[in-house]
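With the hints as your guide, set chains B and C onto chain A.
If you read the sequences in order, they're chains A, B and C.
For the first sequence, numbering that gives the first Met the number 0 begins at 0 and goes up steadily by one.
For the second sequence, numbering that gives the first Met the number 0 begins at 0 and goes up steadily by one.
For the third sequence, numbering that gives the first Met the number 0 begins at 0 and goes up steadily by one.
If you're looking for bench data, these hints aren't it; they were derived computationally from the structure.
Nothing here was measured: the structure is a model prediction, and the numbers come from that model.
You may find that some hints are simply not true.
Distance condition first, Cα-Cα at most 27 Å in a straight line; then the derived DSSO-like pairs of lysine-lysine [claimed, not checked]:
{"id": "1", "chain 1": "A", "residue 1": "K230", "chain 2": "A", "residue 2": "K52"}
{"id": "2", "chain 1": "B", "residue 1": "K698", "chain 2": "B", "residue 2": "K491"}
{"id": "3", "chain 1": "B", "residue 1": "K493", "chain 2": "B", "residue 2": "K483"}
{"id": "4", "chain 1": "C", "residue 1": "K48", "chain 2": "A", "residue 2": "K215"}
{"id": "5", "chain 1": "A", "residue 1": "K153", "chain 2": "B", "residue 2": "K154"}
{"id": "6", "chain 1": "C", "residue 1": "K92", "chain 2": "A", "residue 2": "K223"}
{"id": "7", "chain 1": "C", "residue 1": "K63", "chain 2": "B", "residue 2": "K678"}
{"id": "8", "chain 1": "A", "residue 1": "K266", "chain 2": "B", "residue 2": "K24"}
{"id": "9", "chain 1": "A", "residue 1": "K143", "chain 2": "B", "residue 2": "K982"}
{"id": "10", "chain 1": "B", "residue 1": "K889", "chain 2": "C", "residue 2": "K26"}
{"id": "11", "chain 1": "C", "residue 1": "K63", "chain 2": "C", "residue 2": "K92"}
{"id": "12", "chain 1": "B", "residue 1": "K136", "chain 2": "B", "residue 2": "K24"}
{"id": "13", "chain 1": "B", "residue 1": "K444", "chain 2": "C", "residue 2": "K98"}
{"id": "14", "chain 1": "B", "residue 1": "K381", "chain 2": "B", "residue 2": "K339"}
{"id": "15", "chain 1": "B", "residue 1": "K910", "chain 2": "B", "residue 2": "K701"}
{"id": "16", "chain 1": "B", "residue 1": "K701", "chain 2": "B", "residue 2": "K782"}
{"id": "17", "chain 1": "C", "residue 1": "K48", "chain 2": "A", "residue 2": "K350"}
Away from chain C, derived, C-beta distances all over 10 Å, residues of chain A [said to hold, decoys possible]:
{"id": "18", "residue": "A27"}
{"id": "19", "residue": "N58"}
{"id": "20", "residue": "D162"}
{"id": "21", "residue": "P164"}
{"id": "22", "residue": "A175"}
{"id": "23", "residue": "G224"}
{"id": "24", "residue": "D297"}
{"id": "25", "residue": "T303"}
{"id": "26", "residue": "E354"}
On the chain C side, residues computed to face chain A include the following (Cβ under 8 Å) [to be verified]:
{"id": "27", "residue": "V10"}
{"id": "28", "residue": "E14"}
{"id": "29", "residue": "T15"}
{"id": "30", "residue": "H18"}
{"id": "31", "residue": "G21"}
{"id": "32", "residue": "K26"}
{"id": "33", "residue": "P30"}
{"id": "34", "residue": "E34"}
{"id": "35", "residue": "E38"}
{"id": "36", "residue": "N46"}
{"id": "37", "residue": "K48"}
{"id": "38", "residue": "H51"}
{"id": "39", "residue": "E53"}
{"id": "40", "residue": "T71"}
Note that CB positions come from ideal geometry on N, CA and C, so glycine has one too.
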Amino acid sequence: MKRYSAFAVAREAARFHTGWERAWRNPAPKSRYDVIIIGAGGHGLATAYYLGKNFGIKNVAIIEKGWLGGGNTGRNTTIIRSNYLQDPSAALYEKSRSLFETMSQDLNYNVMFSPRGVIMLAQTQHEVRGYQRTAHANALQGVKTEFINPQRVKELVPIINLDGPRYPVLGGLWQARGGSARHDAVAWGYARACSDMGMDVIQQCEVTAVRRDGGKVVGVSTTKGDIDCDKLGIVVAGNSGHVAGMAGFRLPIESVALQALVSEPIKPCMDVVVMANTVHGYMSQSDKGEMVIGGGTDGYNNYTQRGSFHHIEETVRALVETFPMVSRLKMLRQWGGIVDITGDRSPILSKTPVENVFINCGWGTGGFKATPGSGWAMAELMAKGHGPLTDAFGMERFREGRFIDESVAAGVAH
Amino acid sequence: MSTRLATGGRLLTKDKPVTFRFNGKQLRGYEGDTLASALLANDQMLVGRSFKYHRPRGIVASGAEEPNGLVNMGDEGKFEPNQRVTTTELFDGLSATSQNHWPSLEFDVGVINKYMSRFMPAGFYYKTFMYPRAFWKHVYEPFIRQAAGLGKAPKARDVDTYEHYHAFCDVLVIGGGVAGLLAAKTAAQSGAKVMLIEQTAHWGGRAPVDGGTVDGDPVEDFVEKTVAELASMENVTLRNRTMGAGVYDHGYVLGYERLTDHAPEAAGPRHRLWRVRAGHIITATGAIERPLSFAGNDIPGVMLASAVRDYVANWGVSIGDRTVIVTNNDDAYLTAFALKFAGLEVPAIVDARPAGDESPAMAQAKALGLRVLHGHGIAKVKGNKRVTGVAICAQAGEGAVLEEITCDAVAMSGGWSPVVHLWSHCGGKLAWDDAQAFFKPDRDKAPTGADGAGFVTAAGAASGALILSDALGDAHAAGQAAAKAAGFTARKTKAPKGETPAEAPMLPVWMMPQGASAPLRAKAWLDYQNDVKVSDVQLAAREGFESVEHAKRYTTLGMATDQGKLSNINGLATLAGALDTPIPQVGTTTFRPPYTPISMGAIGGEARAEVFQPIRRTPMHDWHDTNGADWEPVGHWRRPYAFVRDGESTHDAVMREVVNTRQNLGLLDASTLGKLVVKGPDAGKFLDMLYTNMMSTLKPGKCRYGLMCSENGFLIDDGVVARIDEDTFLCHTTTGGAERIHGHMEEWLQTEWWDWKVYVANVTEQYAQVAVVGPNARKVLEKLGGMDVSKEALGFMEWADGEIGGFKARVYRISFSGELSYEIAVDAGQGQAFWDALMAAGAEFGAMPYGTECLHILRAEKGFIMIGDETDGTIIPQDLGLNWAISKKKEDYLGKRAQARSHMTDPERWKLVGLETVDGSTLPDGAYAAGEGVNANGQRNVIGRVTSTYHSPTLGRGIAMGLVLHGPDRMGEVISFPGTDGKTYEARIVDPVFYDKEGEKQNV
Amino acid sequence: MLILTCPMCGVTAEETEFHGGGEAHLKRFGPGSSEDEFEGYLFMRENPKGVHFERWRHANGCGKWFHAARCTTTLEVFGTYAAQTYEPPAEIKAVISDKRPGWRWREHS
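Isolated chain A, as found in the complex:
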């Protein structure tokens, strides 16, 4: 693999960039791999990457029915944070956030991780207490966050309106090392690195069956033929239930559409990422200058990658209240992604009822930020059968009533 650098770009410029090689190979599948990962999204590719890097398992295929990174990896609002309340979540997301810090250098691919800071606004007394609790928990979890006052919020976000008539800003949970990254680049960077390790990224190849012998996996059938494997990882957000069905087990998951939109690009006006949970809106400004806005999910199962416009209306209304200047911007594009929601809204990284089949799913609306951490943890789970980052995220937790619930608010009461 040719290293990417400013020098390489300059060298190639002389010959009009005709000398660049493929970022990843386009191989035909072999008949057998040690490990097959279904799904070449960010999480699947990261899983493969860390299997190779951390455990030396390189005879790996990553099979993708469409194009790598073509699912939720490329359809999210690219927010990265780890200010989670519960220990298992904080551990996983903080691992992930810390991997983002060095990802560009690790992969030799600029994923533009930008630790510009994330604020979660507190707009009710209930939220104030909730975020103060998170700040205390984070301090003991090794996650650097702080609860800041409204004046500090205003300094960080000059375009914010602190005194909205409905929900004044009472403070915020600030994570200075949260931020964003270029979502596509994360998938592309991992794909290039996996390919470079000798792994096969096989696109346009749909898995049609999971082949088992007794209670154990022996391989998969695909549109490009049967492929054998020792271990199988299912990492297919938006299709998890479908693929799990092929392997013969059910999941505690519902798939729904999540809405997002961007404005036209404008010159920089907001350096940090702002999330306002009371009014269900979050916003950041991309390097291109677009305001990237996330909204709510539809309340019904949907695989269309479209959604209902009324969620966009609600989100925009909330943002106009919080950031009055938004009213004078224009919506450039809206889209939907399919997110898998579990029974406790936390992900599943788990062994399954089928021996040597592992599943990684249920990230809901928060999958992008977890990409490297999820891959790191999943690789450990697949290589060793367990790991401290994944132990709490097993499927059996629903049966045991051992939930990882991040929605600390049970409803406002007095």
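Frame of chain A, contents of chains B and C only:
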């Protein structure tokens, strides 16, 4: 030079001159101009800078597809960036500035010259800027961010208003060109209710410029006649300046009407968002001309041939004195003729097609003495901020220059693409038309609605019928089909007959010349705004970005504010060429709403400021407001946090309220508490399932505190239940819980126990409720007079109906404070009067209102839990020492099975205790108790946390409740809570009841 | 923006008038049920790509719960019916069989 012609300009009102400003310069135009035509009339071709290289950019198009002409407009509360000059109608006093340059449009230091741009091909930033690591955030990114973006960020609050309209029709026609007009008329003749929307201010689309006849008359007459006919039909609604923005599931369409953008001083809303429900939708959205990919095709002065024609015909504007036409089809010849007729020079028509059969257009060119160069192309355009000439080459070659032609404008046409956006938004599929080299709607794969049937029909050029006669036939059929689909019988009419000269076939040309060398390809623009060139797409293909989505994202092709209206097909074809794959196999990217950007203001609509989320008010809300209430949002309500007096801090007020309530008399507006009536023969049985305790055994006249859990075992609400009579219970819920718990009850009644005879009604707002609390509570009630509220007549946890001070009242003797306390419900309409009566009568007993924070402290001193504080959705009653409220006798209640799961019965679950700081200070909210060592993930082990914490003025110290590992077994032990303020708080585990453990104060 | 018809009051209205309530025809398991049964009841979901049966409430209308048979990939609505039933009615199943021959959902087809 571009300039105003002495004649022409069918859309102008020449006796209405208009003045406007561009970059501070005062300029003149006419009513009927767009900002684009007026700028061009003033020789202002250069309008902006491109996104990446900051190259000079001129106007390319005349409509919504314009990629370059984006300006800042207006001032202060009317300032808006990225306004498209081609769709902005000129008005007197308009003020615009160009974007994305510094210090000026003419001289931009950010410009990346041709040598530098070589170092910045597609995706170069993925390969660079990686070292040193900290430089991305601190050096590279700020630089890139500043260079990117387009218009300035608005600063002031928007002074305009917006509104939403709902419309229902049988047939919605989007697009008011000839096809849309005819389709609307045909559909309307069936009697169907028809709505026709058109994005511009004019009807007829391109037809009046392009010419032709309909049933023998000029097409312009047909347009005028049809509009008049439609306007006279009662079942037809016509809206111009209204764009079809998006088509959504089940036939929901967004229309975006720009009411006063062209007249900003006019009264009324600026934009109106139409939410249209239509039985059937016709997309008659026309077609957009494609540029040709030759070197230098981005130099100002290179324009779409159709746009050049539009500017001459519609606005009497000449783009240049000498315009070279370059084309692969006959349509662009019309531009040559229009220029010639306007007295302008056309030095050559460069036609990429080899000489063949002479079409009428070619014959006319010959007749006019125009020079047609068949089989030729443009090797490169010369010039910098303005075209100065073109170098001509053989289309078949690699770009060897055969000739140079001096000119100041180039009109290009690469063929046309139907506007398929609205067809595609909701899943309509496309088919590739090889002959005309475009994607068009695949009739058999229309988007489907609730009934599974297709609900969109494309008509006219939007369906691929580019020729007038075809378009009219197609639109007529579409109108009939739509009427039928909407349940009407189409009248038997014949399509009017359109006539235009026959055309020779077009020739797909994706690169000019076809074998262009690498240096030429690196200068051939596909996406003007985002600076994507042919060489960039080819680089993407070379590097394995083979899917159209990959190539788009890698190069940013089509991701600019024009969303690739000009670049998508050319980019796709370039990618297909690079991959040696047929175009239809490469596929298209997904079309997403809106068609062109729509204002956030319009999306938000009327619901802003005070009406954003209307506040629920109790009957006493206004009194609180005038008596110092420090408001706190609670659900959709506001509740007074405290009543602050002059000279007091909020904290002072809270302390005063607590002390006064404990010593004298406090009044709390408890109207927001949920009140649900549960009635019927099975009401008791039903409540036994809903609450963890036994409610069916409660006697009429008595009250009982109850806990409600979800089926998953977790506490979701609590409150006092009063049995009114044998069949009737009144269940109090938390403030935030009323609607939720009502829904919860309905759900179980309707979907699980539907044969049980129970009704539930939410009567929360029917009553005003006041808690009268404190040692003097009985005194004030007795002073007001009426019913007997003595200990004997109305014992603790009893209720009674009666009269107090002349008010019909229901009095509950319940206490959330540990004091002698009555909660009194009166009719909501009497709430304020009753409150006033209590305040007046209570004056001598020290009556003071108190707020939610005082309420919290009072309950915390007594160790009462609060839903939302002690619970957070993960807490079961057993965690809170509430086993006494869980019936052991019941076989079942919601949550019982869940609470039997292994993790729920785990002795390691944290349990509720009281916490007292060793030094009397107040524990920080949400603090965790640290244990020994770290866990497997290196996180500090924790053994508990604070759930509520207050300074108790009653006890003169900090008190708290918390959940602690083995807490109830560790009474007296001191544990430490590291604060985020750097301090560590030591607290002793104690009983959660801090005050009046025996309950003597409430039992008087 | 879906359109649904409430079978209880007969009103046809937009999605905003309704509230989705997840998978339909779940059998409740209470005290005494096995871990498998209880987990299945509370958490395991069909989440199919295609024909689905789900619960809706006409929340901003008559307030009644009802069931809908819907396709999750095309959003086509095959029909709505009262919630007071343990399985999809025959006429709804017939409509689906007509439009999606060979469909399956749990034990139904």
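The hints, checked one at a time:
1. K230(A) / K52(A): holds (17 Å)
2. K698(B) / K491(B): violated (76 Å)
3. K493(B) / K483(B): holds (16 Å)
4. K48(C) / K215(A): holds (26 Å)
5. K153(A) / K154(B): holds (14 Å)
6. K92(C) / K223(A): Not OK: K92(C) and K223(A) at ~36 Å, beyond 27 Å, violated.
7. K63(C) / K678(B): Cα-Cα ~18 Å, so holds.
8. K266(A) / K24(B): holds (23 Å)
9. K143(A) / K982(B): Within the cut-off at roughly 17 Å; holds.
10. K889(B) / K26(C): holds (21 Å)
11. K63(C) / K92(C): Answer holds: K63(C) to K92(C) is near 22 Å, not above 27 Å.
12. K136(B) / K24(B): violated (39 Å)
13. K444(B) / K98(C): OK: K444(B) and K98(C) at ~16 Å, within 27 Å.
14. K381(B) / K339(B): With a Cα-Cα distance of about 23 Å, the restraint between K381(B) and K339(B) holds, given a limit of 27 Å.
15. K910(B) / K701(B): Roughly 30 Å between the alpha carbons, so the hint for K910(B) and K701(B) is violated.
16. K701(B) / K782(B): Distance of about 25 Å is within 27 Å: holds.
17. K48(C) / K350(A): holds (24 Å)
18. A27: Non-interface label stands for A27(A): nearest chain C Cβ at 28 Å, farther than 10 Å.
19. N58: The assertion about N58(A) holds, with a minimum of 32 Å to chain C.
20. D162: holds (30 Å)
21. P164: Non-interface label stands for P164(A): nearest chain C Cβ at 24 Å, farther than 10 Å.
22. A175: At roughly 37 Å from the nearest Cβ of chain C, A175(A) sits farther out than 10 Å, so the non-interface label holds.
23. G224: Consistent with the label, G224(A) stays out of reach of chain C, its closest Cβ about 24 Å off (over 10 Å).
24. D297: violated (7 Å)
25. T303: The claim is violated: T303(A) sits with its nearest Cβ about 6 Å from chain C, within 10 Å.
26. E354: holds (19 Å)
27. V10: Interface hint status for V10(C): violated (18 Å vs cutoff 8 Å).
28. E14: holds (6 Å)
29. T15: holds (5 Å)
30. H18: holds (6 Å)
31. G21: Holds, because the Cβ-Cβ distance from G21(C) to chain A comes to roughly 7 Å (cut-off 8 Å).
32. K26: It is violated, given that the least Cβ distance between K26(C) and chain A is near 15 Å, above 8 Å.
33. P30: Violated, because the Cβ-Cβ distance from P30(C) to chain A comes to roughly 14 Å (cut-off 8 Å).
34. E34: With Cβ-Cβ at 5 Å, under 8 Å, it holds.
35. E38: With a minimum Cβ separation of about 4 Å from chain A (threshold 8 Å), the hint on E38(C) holds.
36. N46: N46(C) check passes; min Cβ-Cβ to chain A is 4 Å, inside 8 Å.
37. K48: holds (5 Å)
38. H51: Cβ of H51(C) sits 6 Å from chain A, so the hint holds.
39. E53: holds (6 Å)
40. T71: holds (5 Å)
Checked against the numbered hints above, the structure breaks hints 2, 6, 12, 15, 24, 25, 27, 32, 33 and satisfies the rest.
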